[in-house]
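Q: Listed in order, the protein sequences are those of chains F and X.
Mapping the first sequence onto UniProt numbering, position 466 (from 1) lands on 466, and the numbers just tick up by one.
Mapping the second sequence onto UniProt numbering, position 27 (from 1) lands on 27, and the numbers just tick up by one.
Bear in mind the hints are in silico, worked out from the structure with no lab data behind them.
Only a predicted model underlies this, so the values are computations on that prediction, with no experimental measurement involved.
Beta carbons are placed, not taken as given, at the ideal position from N, Cα and C, and that holds for glycine.
It is possible that some hints are incorrect.
Okay, the calculated beta carbon distance ranges per label pair [unchecked claim]:
1) X:Gly-32 x F:Lys-234: 54 to 64 Å
2) X:Ala-52 x F:Tyr-105: 32 to 42 Å
3) F:Glu-229 x X:Thr-54: 26 to 36 Å
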Amino acid sequence: MTKVKILLFFFLILNLAIIGKLFCIQVLHSYPSISGDYLKTKKIYPERGRIYDRSKHPFVLNQNSYLLFAEPKKISSKIELSSKLDEILHMGESTLEVRIDESKYWVALANGINEEEKDKINNLKLKGIGFEYGMKRYYPEASLAAHLLGFVGKTSDSGDIGYFGLEGYYDKDLKGLPGILESERDLLGRPIFIGTQEIVNPENGRDLILCIDKSVQEISKRKLKEGMERYQAKQGCVITADPYTLQILGMVCLPDFDMEKYYEFTEEYFKNPSISDVYEPGSIFKPMVVAEAIQEKKIKPDDIYNEEGPIQVGEYRIMTWNNQYEGKISITRILEKSSNVGMVYIGERMGEKALYEMMKKYGFGEPTGIDLQGEVSGYIKERESWYPIDYATVTFGQGIAVTPIQILRAFSSVINGGMILRPYVVCSIRSQDKQREVKPKVERIIGSKTTSEILKKMLTSTVEHGEFQWVKPKGYTMGGKTGTAQIPIKGHYDPTKTIASFIGFAPADKPKFITLVILREPQASQWASETAAPLFFEIAKELLVYYNIAPE
Amino acid sequence: MKKILIYFFLFLLIAGNVYSFVSGIELANEIGTFETESKRIHQENIELEKKATTINSLQYAASIAASLDFVKQAAPIYLNNLTYALNR
Chain F
1 MTKVKILLFF
11 FLILNLAIIG
21 KLFCIQVLHS
31 YPSISGDYLK
41 TKKIYPERGR
51 IYDRSKHPFV
61 LNQNSYLLFA
71 EPKKISSKIE
81 LSSKLDEILH
91 MGESTLEVRI
101 DESKYWVALA
111 NGINEEEKDK
121 INNLKLKGIG
131 FEYGMKRYYP
141 EASLAAHLLG
151 FVGKTSDSGD
161 IGYFGLEGYY
171 DKDLKGLPGI
181 LESERDLLGR
191 PIFIGTQEIV
201 NPENGRDLIL
211 CIDKSVQEIS
221 KRKLKEGMER
231 YQAKQGCVIT
241 ADPYTLQILG
251 MVCLPDFDME
261 KYYEFTEEYF
271 KNPSISDVYE
281 PGSIFKPMVV
291 AEAIQEKKIK
301 PDDIYNEEGP
311 IQVGEYRIMT
321 WNNQYEGKIS
331 ITRILEKSSN
341 VGMVYIGERM
351 GEKALYEMMK
361 KYGFGEPTGI
371 DLQGEVSGYI
381 KERESWYPID
391 YATVTFGQGI
401 AVTPIQILRA
411 FSSVINGGMI
421 LRPYVVCSIR
431 SQDKQREVKP
441 KVERIIGSKT
451 TSEILKKMLT
461 STVEHGEFQW
471 VKPKGYTMGG
481 KTGTAQIPIK
491 GHYDPTKTIA
501 SFIGFAPADK
511 PKFITLVILR
521 EPQASQWASE
531 TAAPLFFEIA
541 KELLVYYNIA
551 PE
Chain X
1 MKKILIYFFL
11 FLLIAGNVYS
21 FVSGIELANE
31 IGTFETESKR
41 IHQENIELEK
51 KATTINSLQY
61 AASIAASLDF
71 VKQAAPIYLN
81 NLTYALNR
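If we strip away everything but chain X, and leave its shape as in the complex, we get (with noise of 0.2 Å):
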């Protein structure tokens, strides 16, 4: 009975090791992706960040008036004083 209690003892104990051994493992594993994610979120974000202020800035604005050909020549006329009614 004393034996098969001390083998019944020493398979808990392997058993436990075992377990948190593989536990340990896998958190390991699981802190390995998290660290990598959040670095590649991160870089991520700081990219669109990168896209979203170049959209957003006068440079790009520029960009775009001179490929649409909006120069000082081409810009619209507006028709401050009217001579003539245009309410057909």
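Next up, chain F with everything else stripped away, as it sits in the complex (with noise of 0.2 Å):
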């Protein structure tokens, strides 16, 4: 009987020391982290999309980060330890001081910790800190396609959030899914089998393969920031792409911002000007309006006009670009000496009704429905607030707000036969398990193939015979205008401020691509054609090498 109750007594001391110590644990020192390592129940983030160009080489991937934190509980020297730290990660000691706070169990000092600086931590040895796993993107190509891409921030959560360009339209499908774990586990976090076990897996960003070839965004990049060099522009930008389809092969403006420092940067930088600025685009209008006055049979390319000198609208007076005058000269003649008083003729053959109508055709004022984050729509004002001098001016691309890919989708009709395109920068969606291929969506079709033919052959002209005669790539013919327009200023147009804009074809028979060159203010002149039509054939002829094309 003895022995029973030394055993029983033995017993009870034993479930007395266990209540004791879960009494300890979990009311004592109710740590959150105890508690949390019973049951865990996490998000498990997914992994966000890729971003390739069309041969698959990789524009945007994810790099493994770190976010250091430190538990101050158990930090003996806070001073020591942010003097250690701070020798790594040039924070600032008093900075990692500050935010080691002794009163809480659990601070975050640094996040975006790359691997070679965690290896460096670590081989400190320093107690009470420790490393959470993450990922951040990775630019392999750095921003040479910063305003395409885009970047990724944070929100108030801690959560992914793309921002601009590419990141920000397809964030829905880059970020993916998470997933959810749930698992018991002992204190050594080994999963305790009897317990709940269950794990939901997330499904992954899908990655984007994108129509855009790194080669011509290179050619674009490289060229633009030496013409914006040599003619000492504020801003500038190169768009090139398929006429037949507008998928965008490069799509290049500087000045540009740094992904992975996007912090650092002002919103300004952050605005892709090829789709969220507007401008008067001038002469390189008037191909549309010529187009479209041929399609409606008003004009005949060789019409004759009688080019006497400057026309009177109101009270307004209409001169040539150099105020020279030839007499008799063709429709053809109106595009290559790039004659406004030649082109307010073919605005009033047209008619206001017709003028008005053809730019609601060209897509102005309405969004090209690319797919960017940021895109604006240009502006046209009502038909009820345009006077006549309104009607004549826009024939030579005066009056109108309008923005690079509006344009570019614009000439691309008259040289395509009339097709009206989406223009797109994604070509296909992978994901998990299947690809979605983008395919070319043609709008409207509101021209003809004899017109653009008939178009094509006049621009070929405006090249061959324009006013300037620019050194192009010899064996080539190639099609293409200028524009100068004056930037309005308080109602009023400054002289000394131009953008000068070159949009061209190439080869002239059946383009293979069409670029889009836009200067905003060079100062070395104020002319298109001495700034951004020599950079738009520096950048040809690199092309034309580019994609073998041979010489006819």
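Please dock the two separately framed chains into a single complex, following the hints provided.
A: As structure tokens, then:
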């Protein structure tokens, strides 16, 4: 009987010890981390989709990144710790010291730590610090396509969110869906089999395969940078596309920004001027007016116009750019010499209503629907508020505000048989189990193949017999048109500030590419023929070699 | 005889429990190891992918070209139109 009592007493003590220990763990020292260690319910973050160019060369990947945290209760000297960490992180000792709040159990010290920094910190063997794994974006080509790609920022709850460009437009596709893990674990973190063990795997973000060609992008950026330095322009853009599908092959604007250090730039750098900035197109608009007039049989290419001198419209006097007049000239010659008075004549032949409707047909005043975040629609006044001078000036591209991508789309329709297409950047979207191809989308057909052929010949002639003879790649025929638009400031045009542009295509008979070059406020010359046009031919020369197009 | 059988079954029960407990811990350990390893391999893959793409990038090519002084001034000259034959 005594033995049984001893045994009972022994079990009683053992039970009391267990109860005491449980009381200590659960009540006296109920750390959130301990209760969390028993039943782990955590969100499993999906991997953000990657972005590749058309040849599957990566533009955006993911890389390992760590959050450095500290457990201040376990740190003996925060001054010493801050000093050692600062040697690697260069954040400032005082900043680190302030972050190590001794009243807290856990504090975040630095985010975005890379593998190399992590290894260096681990080698210090410091107590009271740790790392939490995460991912961040990696750009192998740096900011080659900054405006196009956009960047990934943080939401208020530390989630990833894409801003601008593709990251913004395709954020839902790229981010994927998170999974969830519910697992009962012992104190050593091992799963307890009789407990809850449930996992729903995350669905990783979809990969984007762009129509952009890395080499075209590189050529465009390199040449644009050189051109901007040479002509001392404030800003510049080069957009290259396939005129028959409107797949964007290259899109560069400068100045741009560093996507990894986006927080060091202001918002004005993030906007993609190709789709978000509006400007008066100037003479680059003329081929669209001519194409519409030919399409509607209001004029013929060999019609003769008598260019006698300036034209008076109300109180305004319209002149040619050099105030020189050639007398009887053909419609083709009007384009060749970019005659404003000749264009007013074409506008008169078309009539006011047809002119206004033409702009709507080409899609001015509405977004093109390009798959990039931040596109604006441009601006065309309501027809009721148009004066006769507006109908005159619009024929040579003044009085309307358009985006570069709208000009590219409208000009493409002039040479592709009249198809107004939706421009697009993403050629296919790849998920874990399938790949969806994006097809070209014809929104409407506004012209005929015959008109296109006529316009291609006229634009080729514009390049060959224009007022300015450029250094063109030998053996190739190209078409194109310059545009020098003055910048309206407070209701007036500043004659010293212009936007110089050139849009051209090559080879002329069956264009492989169409390229728009825009330079804002070039200082070397205000004329597009001396700035944007030579830059276009330099780019075109490299593109012809790249596409392996033989001379004719 | 009956007592021996009871002890025998009790022993089997205890041994079975101990075995399943130890096996459970072993399996849990293995799962833990696999979890850690798969995470490590995934991270390593990402790191290797980063290195591979960096080497394959135009940026890297440009930096190498610059370090080798392969600039416009130092570009090779191709003999397109030979004035004299060079086949000695």
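Q: Now tell me if each hint is right for this structure.
A: Hint by hint, here is what the structure shows:
no. : hint                             : result
1   : X:Gly-32 x F:Lys-234: 54 to 64 Å : 59 Å, holds
2   : X:Ala-52 x F:Tyr-105: 32 to 42 Å : 41 Å, holds
3   : F:Glu-229 x X:Thr-54: 26 to 36 Å : 28 Å, holds
When each numbered hint is compared with the structure, no violation occurs for any of them.
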